[in-house]
Amino acid sequence: GAVVSQHPSRVICKSGTSVKIECRSLDFQATTMFWYRQFPKQSLMLMATSNEGSKATYEQGVEKDKFLINHASLTLSTLTVTSAHPEDSSFYICSARDGQGTYYGYTFGSGTRLTVV
Amino acid sequence: AQTVTQSQPEMSVQEAETVTLSCTYDTSESDYYLFWYKQPPSRQMILVIRQEAYKQQNATENRFSVNFQKAAKSFSLKISDSQLGDGAMYFCAYRNAGKSTFGDGTTLTVKP
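Chains as they are written, first to last, in the numbering used here: chain A, 1 to 117; chain B, 1 to 112.
Note that these hints are calculated values from the structure, not bench results. Don't take every hint at face value.
List time: in silico EDC-like cross-link candidates among lysine to aspartate or glutamate, alpha-carbon distance up to 20 Å [unchecked claim]:
{"id": "1", "chain 1": "B", "residue 1": "99", "chain 2": "A", "residue 2": "88"}
{"id": "2", "chain 1": "A", "residue 1": "55", "chain 2": "A", "residue 2": "98"}
{"id": "3", "chain 1": "B", "residue 1": "99", "chain 2": "A", "residue 2": "59"}
If you want a taste of the chain A side facing chain B, the calculated C-beta under 7 Å gives, among others [claimed, not checked]:
{"id": "4", "residue": "43"}
{"id": "5", "residue": "44"}
{"id": "6", "residue": "108"}
{"id": "7", "residue": "110"}
{"id": "8", "residue": "111"}
In this text the structure is predicted, and so the values were computed from the model without any measurement. Using N, Cα and C, we set each Cβ at its ideal position, and we do this for glycine too.
The shape of chain A in the complex, shown without the other chains (with noise of 0.2 Å):
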């Protein structure tokens, strides 16, 4: 089946510094990606999708500047955690949709557990 390979799953980093997460489809192209957050036993909250090739889509709310991603080949995708904060510290998971866009759910990356010390 579809896998998503995300890293690193833990990272702890000093406040003011930037972190990033790497999601890669092993064996699918995922023309999408979804970017969540989930604080601990709370809801996955959607941050931005991204598409191959083109800006990402951040909701309302989201930081473009602070939360950077990067959508550059259809294998992979990278969100930047600039200038991070204590408040930034969350559990961050992407999920990636392939190109044919089935009706299938779709797939998630393992999470990162992030840090801020």
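Given the coordinates of chain A, work out where chain B should sit on it, guided by the hints.
Okay, now just chain B, sitting in the frame of chain A:
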């Protein structure tokens, strides 16, 4: 905007028994998809079952089945013969035009 409501923050079931998780949603669309995802402690989201809104027949996947009531905008998940490994957080999700909306989740505990 579409909303998904899971009214049961926590549920518990005895091993081998049956449990039903509730989900309601609000939409003005007629064509959409509904999903149940399982998120175990590893936090990996796992697709449990899916339903196309245009299909009247309820989806089933082994021990998992849904009760889809389109007019009532209800999409409940029934887990039969519950197993310890079923313990996890379950999310109901609605998808239309490629974008998904998730409920707040139900934490299911399976007691031995």
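Taking the hints in turn, this is what the structure says about them:
| no. | hint | verdict |
| --- | --- | --- |
| 1 | 99(B) x 88(A) | 23 Å, violated |
| 2 | 55(A) x 98(A) | 18 Å, holds |
| 3 | 99(B) x 59(A) | 11 Å, holds |
| 4 | 43 | 5 Å, holds |
| 5 | 44 | 5 Å, holds |
| 6 | 108 | 4 Å, holds |
| 7 | 110 | 5 Å, holds |
| 8 | 111 | 5 Å, holds |
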